[in-house]
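A.B. asks: Starting from the known structure of chain A, arrange chain B on it as the hints suggest.
Chain by chain, the residues:
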Amino acid sequence: MVNIAGDEVDEVRVALTELAGPGAPPMVNGELLFEFPWQSRAFGMARVLCEAGVFHWDDFRHLLISNIQEWENNHSTQTYAYYDIFLQTLTMLLAEKNVCLDAELDSRQLELAARPHGHDH
Amino acid sequence: MSKSHVHPENLPQALRAEALEALLVEKGLLVASAVDAVITRYSERVGPMNGARIVARAWVDPEFRQWLLEDGTAAIGQFDLEGGQVEKLVVVANSAKIHNVVVCTLCSCYPWAVLGLPPTWYKDPAYRSRIVREPRTVLHEMGLALQADVQIRVWDSSAEVRYMVLPEQPLDSAGMTEAELAERVSRDVMIGVAR
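Chains A and B, in that order, are what the protein sequence lines are.
Position 29, counted from 1, in the first sequence is what our numbering calls 29; the numbers after and before it change by one each time, with no gaps.
Numbering-wise, our numbering comes out as the position in the second sequence, counting from 1, plus 121.
These are computed hints drawn from the structure, not numbers from a lab.
Listed below are the simulated SDA-like cross-link pairs for lysine to any residue, each with C-alpha atoms no more than 25 Å apart in a straight line: (1) 218(B) with 262(B); (2) 97(A) with 154(B); (3) 97(A) with 133(B); (4) 148(B) with 106(A); (5) 148(B) with 52(A); (6) 97(A) with 148(B).
Isolated chain A (complex conformation):
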């Protein structure tokens, strides 16, 4: 048995409220649905940063909803990929707050892409 600290209880309660409603992540049978590991990393990072006070979840959610709307306006016949827009929203918000700039993110992404094949196997 694992004992849950009181503050973690509060975090989960807050999170459960925050994750419902508009901009809610895809769920199946009440559970979050991740198709790829990076999607769960993106979700986890956003929650940790929110819990650490880097941003408010409502700010993130509003930007996420507006990014989803913008995507839908430009792609009338397609369904959006939730976590693609989720990650885009997270990087936008962090750039706005000068926490992590697009340029450094782009350059790090290029470095990672240039790794030799099978780097982590």
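C.D. replies: Quick look at chain B alone, frame taken from chain A:
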């Protein structure tokens, strides 16, 4: 190279997420283990599998079943539930002639410790008002057609008391292990909009 040959770890989004995490760790804004903990918390420790485990236990253990129905809050104490027992949990059992369904007419009180995130329709004003007035019709619209002789009991959750439905064990599940049984139990069955 076609997209199907790209290893998932090398998708542009995967690389971007990895780059972001590495930079945030270097900046001291997060530690990877905290991200791991959040993922575990949401994917394994919060969700209807908690309720499903409780239902499966009640199916295989008659003494636990009785305890669960008499004092749900105490009975689920032995399960490692996220959030523990904040509210009183009342478990109501379906039978051949009784069907239970849960609602919160005032707002959206929900036994999240056992059922995780509520479905969108649970907060829908139409569900909240109509399930009380015309439960048979609403359940039918949601895909559950009950025989006319099955009595429907509607349980209205509140900030103090949360309800969970204990479904009947499917006839074709005899001999299954507790873990196998738990996989058969869906969230909707424990809310009472399915059987």
